[in-house]
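Engineer: From first to last, the protein sequence lines are chains A and B.
Counting along the first sequence from 1, when you hit position 234 you're at 234 in the working numbering, and nothing is skipped either side.
Counting along the second sequence from 1, when you hit position 569 you're at 569 in the working numbering, and nothing is skipped either side.
Any given hint could be a false lead.
[Claimed, not checked] List of simulated lysine-lysine pairs, DSSO-like, C-alpha gap at most 27 Å:
{"no.": "1", "chain 1": "A", "residue 1": "Lys60", "chain 2": "A", "residue 2": "Lys71"}
{"no.": "2", "chain 1": "B", "residue 1": "Lys583", "chain 2": "A", "residue 2": "Lys77"}
{"no.": "3", "chain 1": "B", "residue 1": "Lys587", "chain 2": "A", "residue 2": "Lys77"}
[As the list claims (entries may be wrong)] Pair by pair, the computed Cβ-Cβ distance ranges are:
{"no.": "4", "chain 1": "B", "residue 1": "Leu180", "chain 2": "A", "residue 2": "Thr62", "range": "43 to 53 Å"}
{"no.": "5", "chain 1": "B", "residue 1": "Glu570", "chain 2": "A", "residue 2": "Asp87", "range": "19 to 29 Å"}
{"no.": "6", "chain 1": "A", "residue 1": "Lys79", "chain 2": "B", "residue 2": "Leu96", "range": "43 to 53 Å"}
{"no.": "7", "chain 1": "A", "residue 1": "Asp87", "chain 2": "B", "residue 2": "Ile603", "range": "13 to 23 Å"}
{"no.": "8", "chain 1": "A", "residue 1": "Met231", "chain 2": "B", "residue 2": "Gln584", "range": "49 to 59 Å"}
{"no.": "9", "chain 1": "A", "residue 1": "Asp194", "chain 2": "B", "residue 2": "Leu180", "range": "21 to 31 Å"}
{"no.": "10", "chain 1": "B", "residue 1": "Leu168", "chain 2": "A", "residue 2": "Ala115", "range": "50 to 60 Å"}
{"no.": "11", "chain 1": "B", "residue 1": "Glu570", "chain 2": "A", "residue 2": "Ala115", "range": "18 to 28 Å"}
{"no.": "12", "chain 1": "B", "residue 1": "Asp580", "chain 2": "A", "residue 2": "Asp59", "range": "10 to 20 Å"}
{"no.": "13", "chain 1": "A", "residue 1": "Ser241", "chain 2": "B", "residue 2": "Ser80", "range": "51 to 61 Å"}
{"no.": "14", "chain 1": "B", "residue 1": "Tyr654", "chain 2": "A", "residue 2": "Thr62", "range": "24 to 34 Å"}
{"no.": "15", "chain 1": "A", "residue 1": "Ser241", "chain 2": "B", "residue 2": "Lys255", "range": "50 to 60 Å"}
{"no.": "16", "chain 1": "B", "residue 1": "Leu112", "chain 2": "A", "residue 2": "Thr62", "range": "50 to 60 Å"}
{"no.": "17", "chain 1": "B", "residue 1": "Val11", "chain 2": "A", "residue 2": "Asp87", "range": "31 to 41 Å"}
Worth flagging that the hints you see were computed from the coordinates, not collected in a lab.
All C-beta atoms in this analysis are idealised placements derived from N, C-alpha and C, irrespective of residue type, glycine included.
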Amino acid sequence: MPLLEVYNLKKIYTTRFGGNPVQALTNVTFSIEQGEFTAVMGESGSGKTTLLNIIAALDKPTSGEVFLNGKNIVSIKEKEISAFRRDNIGFVFQDFNLLDTFSIKDNIFLPLVLAGKSYEEMIELLKPIVARLKIEDILEKYPYEVSGGQKQKTAIARALVTKPQLILADEPTGSLDSRSSSELLHLFNEINNDGQTILMVTHSIKAASFAKRVLFIKDGEVFHQLYKGSMSNEELYQKISDTLTLIATGGAHSE
Amino acid sequence: MNRFFYAKLAVNNIKKNAQTYIPYLLTGIGTIMMFYNMSFLAIAKDIGSLSDSAQLRSLLSFGAGVIAVFSVIFLFYTNSFLTKRRKKEFGLFNILGMEKKHIARIIFWETLFTAVISLGVGLAAGILFSKLMILLLFKIITFKVTFGFEIPIVAVINTCVLFGGIFLLNLIYNVFQVHLSKPIELLKGSSVGEKEPKTNWLIAIIGAVSLAIAYYIALTTESPLAALFLFFVAVILVMIGTYCLFTAGSIALLKMLRKNKSYYYQLKHFIPVSGMIYRMKQNAAGLANICILSTAVIIMLSTTVSMYVGMEDLLRTRYPRNILVSARNVSDEQANKLDAAIEKHTLEAGLIPKDVIRYRSMSFAVSQDGANFTSDHSNNFAAGNIAMVVCLTADEYNRMENKSVSLDRSEALLYTLQGDIPGDTVNFNGFELSVKDRLASLETEDKMSALLTNSYFLIVADVDTIKQIYNSLSVNQGDMGELSYYYGFDVAADKEAQISLVSALQKALKEINADCYVEGAESARAGFYSIYGGLFFLGIFLGLLFIMATVLIIYYKQIAEGYDDRERFEIMQKVGMSRDEVKQAIKSQVLAVFFLPLVAAVIHIGFAFKVITKMLAVLNLTNVQLFAGCTALTILVFAVFYVIIYGLTARTYYHIVS
Numbered sequence: 001m002p003l004l005e006v007y008n009l010k011k012i013y014t015t016r017f018g019g020n021p022v023q024a025l026t027n028v029t030f031s032i033e034q035g036e037f038t039a040v041m042g043e044s045g046s047g048k049t050t051l052l053n054i055i056a057a058l059d060k061p062t063s064g065e066v067f068l069n070g071k072n073i074v075s076i077k078e079k080e081i082s083a084f085r086r087d088n089i090g091f092v093f094q095d096f097n098l099l100d101t102f103s104i105k106d107n108i109f110l111p112l113v114l115a116g117k118s119y120e121e122m123i124e125l126l127k128p129i130v131a132r133l134k135i136e137d138i139l140e141k142y143p144y145e146v147s148g149g150q151k152q153k154t155a156i157a158r159a160l161v162t163k164p165q166l167i168l169a170d171e172p173t174g175s176l177d178s179r180s181s182s183e184l185l186h187l188f189n190e191i192n193n194d195g196q197t198i199l200m201v202t203h204s205i206k207a208a209s210f211a212k213r214v215l216f217i218k219d220g221e222v223f224h225q226l227y228k229g230s231m232s233n234e235e236l237y238q239k240i241s242d243t244l245t246l247i248a249t250g251g252a253h254s255e
Numbered sequence: 001m002n003r004f005f006y007a008k009l010a011v012n013n014i015k016k017n018a019q020t021y022i023p024y025l026l027t028g029i030g031t032i033m034m035f036y037n038m039s040f041l042a043i044a045k046d047i048g049s050l051s052d053s054a055q056l057r058s059l060l061s062f063g064a065g066v067i068a069v070f071s072v073i074f075l076f077y078t079n080s081f082l083t084k085r086r087k088k089e090f091g092l093f094n095i096l097g098m099e100k101k102h103i104a105r106i107i108f109w110e111t112l113f114t115a116v117i118s119l120g121v122g123l124a125a126g127i128l129f130s131k132l133m134i135l136l137l138f139k140i141i142t143f144k145v146t147f148g149f150e151i152p153i154v155a156v157i158n159t160c161v162l163f164g165g166i167f168l169l170n171l172i173y174n175v176f177q178v179h180l181s182k183p184i185e186l187l188k189g190s191s192v193g194e195k196e197p198k199t200n201w202l203i204a205i206i207g208a209v210s211l212a213i214a215y216y217i218a219l220t221t222e223s224p225l226a227a228l229f230l231f232f233v234a235v236i237l238v239m240i241g242t243y244c245l246f247t248a249g250s251i252a253l254l255k256m257l258r259k260n261k262s263y264y265y266q267l268k269h270f271i272p273v274s275g276m277i278y279r280m281k282q283n284a285a286g287l288a289n290i291c292i293l294s295t296a297v298i299i300m301l302s303t304t305v306s307m308y309v310g311m312e313d314l315l316r317t318r319y320p321r322n323i324l325v326s327a328r329n330v331s332d333e334q335a336n337k338l339d340a341a342i343e344k345h346t347l348e349a350g351l352i353p354k355d356v357i358r359y360r361s362m363s364f365a366v367s368q369d370g371a372n373f374t375s376d377h378s379n380n381f382a383a384g385n386i387a388m389v390v391c392l393t394a395d396e397y398n399r400m401e402n403k404s405v406s407l408d409r410s411e412a413l414l415y416t417l418q419g420d421i422p423g424d425t426v427n428f429n430g431f432e433l434s435v436k437d438r439l440a441s442l443e444t445e446d447k448m449s450a451l452l453t454n455s456y457f458l459i460v461a462d463v464d465t466i467k468q469i470y471n472s473l474s475v476n477q478g479d480m481g482e483l484s485y486y487y488g489f490d491v492a493a494d495k496e497a498q499i500s501l502v503s504a505l506q507k508a509l510k511e512i513n514a515d516c517y518v519e520g521a522e523s524a525r526a527g528f529y530s531i532y533g534g535l536f537f538l539g540i541f542l543g544l545l546f547i548m549a550t551v552l553i554i555y556y557k558q559i560a561e562g563y564d565d566r567e568r569f570e571i572m573q574k575v576g577m578s579r580d581e582v583k584q585a586i587k588s589q590v591l592a593v594f595f596l597p598l599v600a601a602v603i604h605i606g607f608a609f610k611v612i613t614k615m616l617a618v619l620n621l622t623n624v625q626l627f628a629g630c631t632a633l634t635i636l637v638f639a640v641f642y643v644i645i646y647g648l649t650a651r652t653y654y655h656i657v658s
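From just these sequences and the hints, can you work out the full model?
Structural biologist: Next comes the structure, spelled out in structure tokens:
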């Protein structure tokens, strides 16, 4: 059974004063297996972020269904959504979304505290992750005292610390310089190699070329997908680039 | 055309920033109204017909002064808050190609409009309410209402000048702010990255120590005279302590809580504690202000209300009998003449003296050290060792109490009104008397002076003994002269009859003894009402002003926090916090922050209670129960008010956050 299944997802935004409704997602269907590292690509306004928000249960679709581990996210009750999100999904955002009032350590602890874990348990969960991300030295610092790369690592640590089923990354390299970006993407690869499923939304070809599979979204539909297979990052980069050119110049559907 | 454009833009800006502008305008209107009314009352013609008009006028002028000072502070504070919020907007104008002088022009128009609206509406409302105010004041001081309406031009001009000046000051501040800043800073304006506040132990300790000293003073001061002086010391210490503890102490405490891992890493402590460390950094001063203002409001209202409500008690304390005659240096013969004259005039007025109390005595103001009394006055009154010793002869005592006590020249009976004389002897600068007995009661009425200082009544053998005391106390060995005479009685008569009797006695008795004073409770009533009623009026007025200030500070704090917290709570929701949890977190944080000042204020008042009762005693109010009741009621009313304000502003806050 796939870890994540998305069926016929449709999302229409209607403005309050009867303006023209905007169709963000027309009909999206795909599935992700346990242990996959998938990138979703598309131009601005193609519906990438809407898709991510629906998968994260931050937003409700107009129609369609989303199953995580066989559980229908769309029909989860409002009260349970937060706990569900906390236990099953880890988030990494473009702008880090760290809280300035917490030290790096406390930022990582936040979801654990929300889950009601004891301090000893939290420390046990924290140790291996900070060792792997090499952020032991900055644990007592505050977000405004560390670099962008370190902030994003903190965000990854926060996402990983609850041992989620799925990590959702929304443009994780968007605010980073090229060196930090590479480091971060390598880190994603490593984590993925350990068995962590990752779904990343991006419009950076370089970021997508680190993934094992790339989905292309255009006008609210899955337009095309690429498997990395035995390709190197560079070869995949070239392929993605070609596909984007094709999409941009208005090519027909191909599989 | 061009000038029109800026004016239009200014109007637009005011409309768009209504959320922060409306409270600013309301503050302006409110303070203008209050200031006009107070300065109107201070010079109103109607008040001139009052017997104690000068005192009342100076009281009202003082009120106007207080309002003026607070108006400057409030309006400046509100304006600086507005400007801080709007830096981003100005930055945008700047980037869109407006020069700073153009922005200054917009600011000028905005200030002009606010000034015109505030002054126009404020003055109009003030003038409209002025008649109501004077009616209210006259009602409070039980003075007959007059008809007519006046608009003293001086009050109008004063108001315009004061508030015009304040708005000008704000304009200069705003233009200066814009002028100093760079566009990029203007854009970032209110969201500059914040560092975690550092713990400043020194300030925290200073705060704790000054508060402890203030509380110690408030609890240990026994003498009302000393209380008057020390109270102001305590007030200043409390203010210092409050500021220090709110700024540094709170952060020190929160950081200590954070160090306690098992406490800190719990959902219900994790977010509030960390959030409050930052909150306190921004808000400590504002919260300390709220705390001090709340304390001031409660004390002012409870004291003035209890004095006003307790007016009859107060009159009775000050005038134990309806009519009091006191004279100094009265010989036996004169005393008899006085008795006869009092009786004659009272009977002539068709009245009979009741509950007569009269005695001849000699009073000494001395310094007390245990059982030793000296006339050393080098210690000031604040030292609290001043004592009053009233000496009566045994004959006088026997007559008053219907007893037949006889005393040796070295013996005395002691009646203690307040204070304590240890041992069995009393020593006056070397002259010693043995205390034969301590009396449980004595029909004397000098209760008022007893509350001011330690007071003792000493019954001695005869006048010669009193002279001996006098001689050993006096340095210059002058002649003591005759004893003093006190004659007090009640009459069953209405106000007018009592007043005319007092003036008749005044005239008649002066002829017998030049040092003779006649006082009547009824003659003094009008004066009492005008003073204490004036104070009561002032208390309500300033109480309202302070409450307005408190509302304003709370409102702006809520808005400021709302904007700061919005982002934080968005993130928390993404990380897996439910809406309910977010609401809960907001609630506990906001509650803690906003009720802290109220709680602190109540604690301040709790400690100040004793010393305030002492001071009220100086003002003749000895009914502690009444004061306690008034204080409790004021706190209750204030708390209800506070909760309402909080509830209303919290709604704005939630609206911003979600």
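Engineer: Determine for every hint whether it applies to the structure shown.
Structural biologist: Hint by hint, here is what the structure shows:
1. About 15 Å separates the Cα atoms of Lys60 (chain A) and Lys71 (chain A), which keeps this hinted pair within 27 Å; it holds.
2. Simply put, Lys583 (chain B) and Lys77 (chain A) have alpha-carbon atoms about 18 Å apart, close enough for the 27 Å limit, and the pair holds.
3. Only pairs whose Cα atoms come within 27 Å are accepted, and Lys587 (chain B) paired with Lys77 (chain A) is accepted, the gap being roughly 24 Å.
4. Leu180 (chain B) and Thr62 (chain A) have their C-beta atoms about 51 Å apart, which keeps the hinted 43 to 53 Å range intact.
5. Take Glu570 (chain B) and Asp87 (chain A): their Cβ atoms lie about 20 Å apart, and the range 19 to 29 Å holds.
6. Checked against the given bound of 43 to 53 Å, the beta carbons of Lys79 (chain A) and Leu96 (chain B), roughly 46 Å apart, stay inside it.
7. In this structure the supplied range 13 to 23 Å is violated for Asp87 (chain A) paired with Ile603 (chain B), their Cβ-Cβ distance being about 44 Å.
8. Checked against the hint of 49 to 59 Å, the C-beta distance between Met231 (chain A) and Gln584 (chain B) comes to roughly 50 Å, which is consistent with it.
9. Between Asp194 (chain A) and Leu180 (chain B) the CB atoms are about 54 Å apart, so this pair departs from the stated range of 21 to 31 Å.
10. Taking the beta carbon of each, Leu168 (chain B) and Ala115 (chain A) are about 57 Å apart, inside 50 to 60 Å as hinted.
11. Checked against the given bound of 18 to 28 Å, the beta carbons of Glu570 (chain B) and Ala115 (chain A), roughly 20 Å apart, stay inside it.
12. Under the hint 10 to 20 Å, the C-beta atoms of Asp580 (chain B) and Asp59 (chain A), about 19 Å apart, fit the expected range.
13. As the Cβ distance of Ser241 (chain A) to Ser80 (chain B) is approximately 54 Å, the hint placing it in 51 to 61 Å holds.
14. For Tyr654 (chain B) paired with Thr62 (chain A), a C-beta distance near 28 Å keeps the hint of 24 to 34 Å intact.
15. Distance hint check: the CB atoms of Ser241 (chain A) and Lys255 (chain B) are about 53 Å apart, consistent with the given range 50 to 60 Å.
16. Evaluation of the 50 to 60 Å hint for Leu112 (chain B) and Thr62 (chain A) yields a pass: the beta carbon distance comes to about 51 Å.
17. Range check, Val11 (chain B) to Asp87 (chain A): about 53 Å between beta-carbon atoms, so the 31 to 41 Å window is missed.
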